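Engineer: Residue-level listing of the chains:
Protein chains: 4
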Amino acid sequence: MKAGIVGATGYGGIELFRLLREHPEIEAIHLYSSSQAGEDFTNIYKHLNSQETIVLEELQPDVMKFELDVVFLATPAGVSRNLTPDLLGGSAVIIDLSGDLRLKDPEVYEEWYKKESVSDHILKQAVYGLPEWNKEEIVNAKVIANPGCYPTATLLGLAPLIKDRLVEPHSIVVDAKSGVSGAGKNPNPMTHFAHTQENIQIYKVNQHQHIPEIEQALHGWDEAIEPITFSTHLAPMVRGIMSTIYLKMKEPITESELHERFSSYYESRPFVRVRQEGNFPCTKEVYGSNYCDIGLTLDPRTNRVTIVSVIDNLMKGAASQAVQNMNLVFHFDEQAGLLRLPVYP
Amino acid sequence: MKAGIVGATGYGGIELFRLLREHPEIEAIHLYSSSQAGEDFTNIYKHLNSQETIVLEELQPDVMKFELDVVFLATPAGVSRNLTPDLLGGSAVIIDLSGDLRLKDPEVYEEWYKKESVSDHILKQAVYGLPEWNKEEIVNAKVIANPGCYPTATLLGLAPLIKDRLVEPHSIVVDAKSGVSGAGKNPNPMTHFAHTQENIQIYKVNQHQHIPEIEQALHGWDEAIEPITFSTHLAPMVRGIMSTIYLKMKEPITESELHERFSSYYESRPFVRVRQEGNFPCTKEVYGSNYCDIGLTLDPRTNRVTIVSVIDNLMKGAASQAVQNMNLVFHFDEQAGLLRLPVYP
Amino acid sequence: MKAGIVGATGYGGIELFRLLREHPEIEAIHLYSSSQAGEDFTNIYKHLNSQETIVLEELQPDVMKFELDVVFLATPAGVSRNLTPDLLGGSAVIIDLSGDLRLKDPEVYEEWYKKESVSDHILKQAVYGLPEWNKEEIVNAKVIANPGCYPTATLLGLAPLIKDRLVEPHSIVVDAKSGVSGAGKNPNPMTHFAHTQENIQIYKVNQHQHIPEIEQALHGWDEAIEPITFSTHLAPMVRGIMSTIYLKMKEPITESELHERFSSYYESRPFVRVRQEGNFPCTKEVYGSNYCDIGLTLDPRTNRVTIVSVIDNLMKGAASQAVQNMNLVFHFDEQAGLLRLPVYP
Amino acid sequence: MKAGIVGATGYGGIELFRLLREHPEIEAIHLYSSSQAGEDFTNIYKHLNSQETIVLEELQPDVMKFELDVVFLATPAGVSRNLTPDLLGGSAVIIDLSGDLRLKDPEVYEEWYKKESVSDHILKQAVYGLPEWNKEEIVNAKVIANPGCYPTATLLGLAPLIKDRLVEPHSIVVDAKSGVSGAGKNPNPMTHFAHTQENIQIYKVNQHQHIPEIEQALHGWDEAIEPITFSTHLAPMVRGIMSTIYLKMKEPITESELHERFSSYYESRPFVRVRQEGNFPCTKEVYGSNYCDIGLTLDPRTNRVTIVSVIDNLMKGAASQAVQNMNLVFHFDEQAGLLRLPVYP
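Residue numbers (numbering that gives the first Met the number 0), protein chains in the order written: chain L, 0 to 344; chain V, 0 to 344; chain X, 0 to 344; chain B, 0 to 344.
Possibly wrong hints are sitting among the right ones.
Note: identical chains are not told apart, hence a pair may lie in one copy or across any two.
[Stated by the list, open to error] Cross-link-like lysine-lysine pairs, in silico, DSSO-like; alpha carbons within 27 Å at most:
| no. | residue 1 | residue 2 |
| --- | --- | --- |
| 1 | K141 | K114 |
| 2 | K123 | K103 |
| 3 | K249 | K203 |
| 4 | K123 | K247 |
| 5 | K203 | K184 |
| 6 | K45 | K203 |
| 7 | K45 | K184 |
| 8 | K247 | K203 |
| 9 | K64 | K114 |
The set of hints was computed from the structure by calculation and includes no laboratory data.
Just so we're clear, the structure is a prediction, and the values are computed from it rather than from any experiment.
With these hints in hand, go ahead and build the complete structure from the sequences.
Structural biologist: Written as structure tokens, this is what we have:
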């Protein structure tokens, strides 16, 4: 297998490189960078040094689409929109880690991303790559829209209840907290250490572009769901997302019925771990891994359900989920190259 | 003025000492510690060293209640419950930073704190010390129950809407995040650096003892309010609380009406700063100060209001609010000794 | 007293503003910014908001030098070099927080700063503002070169031994660690949170521009001192410098003689606190204060002395030391406006 | 291969478990805990959960020494001293991660560890497991004393110069900085988050028990080396050690000769990466990996060499180095199970 990574010098790109380099089915990795082509990748990221030189290559979609088996696009919003059309039509499968191919309705994309959408006919080919819920479509896909970090944590926490239309449609509030790496590697005032340390910041209130992505998936499962409240906070840490989800059930449910529902939904999904009653995960318990850990409870005082879902935003929220999707498309073991336990402490 | 601090070696106690030592009206500070009486305080906390020796004294309530003008109880839950009766009846005003005197209903205290409550007749004397809403009662109080850290941030964010009974009674969800200092100075696995760093943890889900405290105040303002959902998270930082509050209004309101309501409510309260439309505070912007900063917005998609309220949990959430209460009781300038800007970065 | 701050929007500038605003002798503060003149300062830094609007002013040296009593230059290297000549000749005292006026030899400045030096005759007027060792000159100065952060910690740790020429001239090694705020507020890859967190970085090895500043002061005390080894590290924290100093004595000395020497040297200096035998300071013990805490010991196995000196780099290493210098020049109490205990935890 | 881990619930133990579980040659892992035998390991450490139950076993040295191929002792100082004699004499190889078997002279152990030493005849069997310098002995060992974290970083930084006796014997000063995980998982005031965050602390000045370990290895290479100055600091991070090493050469050397010496020494050692001239590693560049990265330079002003050596203290400083030693003893590929790139950011 030959894999290519476009945007290799971003945080998503270097994590993909790390995973693919240790993946049992990958023989060669090509790295592409528009701004740093010709440079030695291990000279830019010295932590990746391992005796070999890896030259960043110029993008050549015409060649890549025939010579590569899979191309990962780990690029900022707005890039794969332009690149995907050129990469289609060969043998390469495309896995896009950006938000460009996720929203089925171009108008919604344009409203939330403030950019022009890719054409409708490409959006139609793109399969939303949430393996725990979409496996059947993924295995046959040529283009995969890898989910966003917040949607991954949030949708895995909501799905077992929404799928069966058990939730009051207007009751969903999601309060999400993320580490700083989600903002990417370009330095800016909001990610300056002196500003971020000892700080919790809320940002893009009611305007985060992951809101329509979450709602689109929810509507796929239960079209009655109304717009959700979804807030994003920056916590003083590098990695990790916690989505704390609040909702009301249409019908009364017991604590143990709730847990049973989640446990049975996820028992065959190796990367989702549901906690026992009374136990809740923290982000560090999935650090560096492809796991999503979920805890939940019902408050008899308010009749609200609280669901806590945690992931590593660069792994299950980006790079390792992309590898999981690749495993499915190529009929590898779903866990190939991903059998790594979280790094603790 | 002579002030005494019981529990001087805890985090609340050392902050009180720092504030009182620089307070223009305080001449003498006595520190009390049951476990470390006789030791030099500045030897335990070397950062407080300043040429003088300060010996920790044995508790003598009978003497203290006549010789001191004010006694701060910066003790864990369960201590002031026993101590307050002995300290009453002299000239000293009591300001209790623990939760022992806050809940008017002894049964509620016992349910949430799992301890026996102080007697009813002492609870009746205790005034809830939230100066922005309770000034009239505070100025005449002999016993003040200083509010908890989470309730301070949350109630200041909710009050302008609840006071006028504008909020849907069953709609309130509060997602709160706190720094680690709120857990006190005794080392335990949850505050171990190696566990806490790079981590967000949720704890005491639906069981935090600040829930009845918040609800009691809300009911004082609007008795129709139903039980709230209130979650507490530990963020990898030392100081700071952010309460992100979600609610629905009974009647439609515009964004600018919302802001005007908050601005006019707080314009005469020097320690609450309301942000302009589109701007939200972060915890670092109140670090080391007595400020509570509030930002808010209405989401037209969901009709939910989001209110973000931040404080320094050891300051406005504990020590500096206690000093603000002292200022009111003794008819000092409300801002005396508290005119310190946040420390940034 | 009217004070002006040039470069008010940098980290040094905002700390100066905070200190001067609470200083008992300062009536008015004018803030200057070349890039943001006309803007409201409290709009840029919302944590400083306190009901008043403070408009950033255009620099007008001709006016400033007559209307202000003191001008603080909190600007990057290379700015005060140009500005100082225009600000001289009026009534205003100039306190420069940058490195432009510290090195007496223009060639040394040019070698280490890679910029053209200010003229010799201005350098001659500039007094090095280390109050613990230079008080007599400072009280008569019109231009003060406020010491760098690393030199402050290092020189206060070395002075009691160097002044009496007790140290082997070629034996000095200083290993210094600093928080990230020392790098200023402009975002760059080295201060990006995702890079800095969980990281110790060494930088400018043997090339830091504070090396000649330290050596110049040491030579003023003992001209036999040879070039020192001085290394700078970035630690994952916002504030604080620790200089760990290693040296050998010319003649044998006992542990208690060592301590006595430091204690007696500093007993009349209110801002230097020498620890007792066996005790060493950490940076958090001076956080937010003007203190320099020093611990030291002699290793009988190696005959090396280890001296640990800690400061808050933005306070004693910049802003509060500048205020201390102002206090001396204007014959205020040396501690005026600086009687603040460290903020802990 | 059957492996056992004694002290599995400590930080060293859980890292060993993580590494062994993904090691290609390990079929079964037995975990032992004196205090928590009978409990489910994945219930104590929920991040390790992966569908299987792993019961912590009671220690039975008589059985273990025959049924296991390798036993890792990840226990505090003082435990393997008692345990090793009972584990010898069977088929199991013992790899001890504590300091009990490292010092060849029992008196030195007793002086620095303040405990009774294991008997001389066991010390004689123990091979110091620094694979880059001791491979020949390691491959034949039955008992391996895995090096301490500080010694690993420091010795790898010093060896290429000491081995050839090029260093002035009395000139060595090592200033080491470590993350907090090195202090172990038991909570104490020094590792409390509120104390450690925003803090650099020096500890055990001139008294760290790793000093004699380093000196013993140095004397093995050059017996003329005199006692070294070695200081340890706690930085506000979880993982990582940086040893900044200062020394003087006996004879003049050029910068490029220096680099060539290090490069040629380490070119056949896969886990030591020497940086090019002008480049220095930071701890994050080896995070989660078995690498030791080294940068160095000569200062022509002082004739001192500065060497910067970084490791992950829980990996190359403990668990992964133990696995590297196991690989050598059992003639596996030295890199088996250790081909993991650092986790960045």
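Engineer: Taking the hints in turn, state whether each one holds.
Structural biologist: Quick rundown of the hints versus the structure:
1. K141 / K114: within (24 Å within a copy, 57 Å between copies)
2. K123 / K103: within (7 Å within a copy, 61 Å between copies)
3. K249 / K203: Only across copies: K249 and K203 sit 26 Å apart there, 30 Å inside one copy, limit 27 Å.
4. K123 / K247: neither (34 Å within a copy, 37 Å between copies)
5. K203 / K184: both (19 Å within a copy, 23 Å between copies)
6. K45 / K203: Intra 34 Å, inter 18 Å, cutoff 27 Å: inter-copy only.
7. K45 / K184: both (16 Å within a copy, 26 Å between copies)
8. K247 / K203: Both ways: K247 and K203 sit 25 Å apart in one copy and 20 Å across, limit 27 Å.
9. K64 / K114: within (25 Å within a copy, 52 Å between copies)
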